[in-house]
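**Student:** Sequence:
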Amino acid sequence: MSRLIIFLLVAGVLAACGQPGSMTLLTATPPASSQTLPATPLQTNPVPIGKPQADHTPAQSAAMQALVETIKVPIDQIQLISTEAVQWPDGCLGIVRINARCMGGPVAGFRIILEANGEQYEFHTNQDGTAIVQLTEAAYVSFAIRAPDNSIQIIDTQMPVEPQVTTGLLPLAGEAGGVVYALDFANQPQGVAADQTGTRPLDFIGNPSYGLAVWSGDRPRLGWATAPVRASAPSQLFSSSIDGTTLVTLLTDTATITAPFVLVAQRWSQDGQSLYFSTEPYGIGGYILFGGASSLQRINVSDRSVQEVIPYDLGGGQALCLDELSSDEQLVADHCAQTSITIRDLSSGQTTTIQPPAAVTGFSLVGSARFSPDLTRVAFALAKRDPENEQGWVAVSDGLSGGSKLIVTSQPGEYFTLAAWLNADTLLLQSNQVTCNPGCASSLWTVGSDGAGLNKVAEGTFLTLVSR
Numbered sequence: 001m002s003r004l005i006i007f008l009l010v011a012g013v014l015a016a017c018g019q020p021g022s023m024t025l026l027t028a029t030p031p032a033s034s035q036t037l038p039a040t041p042l043q044t045n046p047v048p049i050g051k052p053q054a055d056h057t058p059a060q061s062a063a064m065q066a067l068v069e070t071i072k073v074p075i076d077q078i079q080l081i082s083t084e085a086v087q088w089p090d091g092c093l094g095i096v097r098i099n100a101r102c103m104g105g106p107v108a109g110f111r112i113i114l115e116a117n118g119e120q121y122e123f124h125t126n127q128d129g130t131a132i133v134q135l136t137e138a139a140y141v142s143f144a145i146r147a148p149d150n151s152i153q154i155i156d157t158q159m160p161v162e163p164q165v166t167t168g169l170l171p172l173a174g175e176a177g178g179v180v181y182a183l184d185f186a187n188q189p190q191g192v193a194a195d196q197t198g199t200r201p202l203d204f205i206g207n208p209s210y211g212l213a214v215w216s217g218d219r220p221r222l223g224w225a226t227a228p229v230r231a232s233a234p235s236q237l238f239s240s241s242i243d244g245t246t247l248v249t250l251l252t253d254t255a256t257i258t259a260p261f262v263l264v265a266q267r268w269s270q271d272g273q274s275l276y277f278s279t280e281p282y283g284i285g286g287y288i289l290f291g292g293a294s295s296l297q298r299i300n301v302s303d304r305s306v307q308e309v310i311p312y313d314l315g316g317g318q319a320l321c322l323d324e325l326s327s328d329e330q331l332v333a334d335h336c337a338q339t340s341i342t343i344r345d346l347s348s349g350q351t352t353t354i355q356p357p358a359a360v361t362g363f364s365l366v367g368s369a370r371f372s373p374d375l376t377r378v379a380f381a382l383a384k385r386d387p388e389n390e391q392g393w394v395a396v397s398d399g400l401s402g403g404s405k406l407i408v409t410s411q412p413g414e415y416f417t418l419a420a421w422l423n424a425d426t427l428l429l430q431s432n433q434v435t436c437n438p439g440c441a442s443s444l445w446t447v448g449s450d451g452a453g454l455n456k457v458a459e460g461t462f463l464t465l466v467s468r
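Note that my numbering gives residue 275 to position 275 of the sequence shown, counting from 1, and the numbers run on in steps of one.
Just so you know, the hints here were simulated from the structure itself, not pulled from any lab data.
Owing to the predicted nature of the structure, the values given are computational and were not obtained by experimental measurement.
Cβ coordinates follow ideal geometry from the N, Cα and C atoms, glycine included.
Possibly wrong hints are sitting among the right ones.
[Stated by the list, open to error] Cross-link-like lysine-lysine pairs, in silico, DSS-like; alpha carbons within 25 Å at most:
no.	residue 1	residue 2
1	K384	K405
2	K405	K456
3	K456	K384
[Said to hold, decoys possible] The following label-pair restraints were derived from C-beta to C-beta distances:
no.	residue 1	residue 2	range
4	A186	T409	28 to 34 Å
5	D55	D450	48 to 54 Å
6	A441	L375	30 to 36 Å
7	T409	G283	31 to 37 Å
8	S305	G206	23 to 29 Å
9	L375	Q87	38 to 44 Å
Work out the full structure: start from the sequences and follow the hints.
**Tutor:** Given below as structure tokens:
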């Protein structure tokens with residue numbers, strides 16, 4: 001059975017909608033799995049030890065010995081903090097590595113936390129400790145997903161991430177202080193906050209449109225807009241602290257656009273002093289694969305002054321096609337031309353064009369563009385745009401203009417979107433099913449920027465990157 005995607009707001013809303021269900025945040029959730037992990041550790045009190053004792057399990061003893069060998073500390077200086085039973089999905093024990101090959105699963109095991117010299121260390125093991133891996137504390141990326149059961153889960157990886165990575169316009173979530181703030185459209189549209197203790201509604205976010213901007217600086221803030229429910233209740237743009245205090249109405253729609261439209265929060269500026277937002281058409285339907293913004297404005301949260309960055313121009317063909325604002329806020333990538341990517345330099349006003357790879361034939365649309373961390377290249381997706389015979393590709397450009405190279409081809413009935421360009425060598429992709437029986441599901445994959453090492457890491461829909 002083919003699924004015709006009905007686009008009620010924009011594709012971002014569809015990405016947010018999962019199967020109805022309760023929402024739980026699972027830290028270090030294993031890849032390619034949506035099972036719920038136990039919320040309560042088996043052992044919670046520190047247990048000082050001098051040597052492996054008979055009352056320690058083989059897995060605990062193996063973790064202690066591994067830490068001794070790793071940091072060269074006497075075993076009597078190690079404390080066992082907690083042991084949590086986990087069903088890992090495969091032999092990688094819940095830790096994603098570039099080009100890793102994982103033995104089949106599931107694998108019963110444990111997440112073990114140890115402490116030495118005032119530092120904590122996390123180990124993942126199988127049941128008897130014969131397989132063990134450490135979750136290191138280097139600058140590796142984690143990301144939040146919405147699982148098929150609509151829960152929010154965290155996927156830990158062993159992949160380095162650049163600090164300036166961006167994840168596109170139309171944000172569905174963000175992270176601050178270890179808490180994921182997200183929009184939930186499964187039932188009544190609402191904002192939620194999720195952490196290790198569970199998920200709670202953000203009651204101060206009512207009737208949100210499809211963008212949630214999260215500022216994770218020294219004073220974290222949220223930015224969002226409301227969807228218009230009637231003519232007397234126009235779309236409004238808000239900001240607040242993460243607990244809903246200091247809630248401020250930044251803007252009430254007074255534009256004279258005849259077609260229905262809505263304000264959408266997009267992203268905070270680098271300094272946290274301004275909020276980027278857009279004006280979007282409301283109620284559009286059709287088979288739309290690659291969402292995007294239709295305009296871009298910037299409002300100063302102190303004096304409420306608004307700067308128009310890219311005007312709202314549906315008549316000029318600029319609808320739902322602005323993909324990405326660069327980390328330095330100087331470049332915008334869009335697919336408004338439909339079969340090529342345009343790069344706009346906001347300082348000079350100049351534009352350049354990136355062409356699709358010559359090796360790809362049969363496509364009719366490009367989109368989902370993401371800048372490389374050093375802002376010298378762009379990755380983007382291509383698709384047939386045929387609901388009865390869909391297929392997609394991913395390409396990486398040679399620069400900010402000119403040609404590009406094919407790196408990934410999807411399975412028939414599926415297409416890719418770009419979640420993020422994580423580092424110089426690694427992309428995070430989302431595979432989306434169109435032909436589904438009985439239901440459709442999305443999944444997250446990593447791949448090298450040269451096309452090597454395509455690796456599935458999770459079932460679900462990408463929400464946001466998570467700092468560690």
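**Student:** With reference to the structure, classify each hint as holding or not holding.
**Tutor:** Verification of the hints:
Using a Cα cut-off of 25 Å, the hinted pair K384 and K405 holds, with the two alpha carbons roughly 17 Å apart. For the proposed pair K405 and K456, the alpha carbon gap of about 22 Å is at most 25 Å, so the pair holds. Using a Cα cut-off of 25 Å, the hinted pair K456 and K384 holds, with the two alpha carbons roughly 23 Å apart. Between A186 and T409 the C-beta distance comes to about 32 Å, which sits within the given range of 28 to 34 Å.
With their beta carbons about 51 Å apart, D55 and D450 fall inside the hinted range of 48 to 54 Å. Distance hint for A441 and L375: a CB-CB separation of about 33 Å, consistent with the stated range 30 to 36 Å. At roughly 34 Å, the beta carbons of T409 and G283 sit within the given window of 31 to 37 Å. Taking the beta carbon of each, S305 and G206 are about 26 Å apart, inside 23 to 29 Å as hinted.
Between L375 and Q87, the C-beta spacing of about 41 Å keeps the proposed range 38 to 44 Å intact.
Of the numbered hints given earlier, the model fails none.
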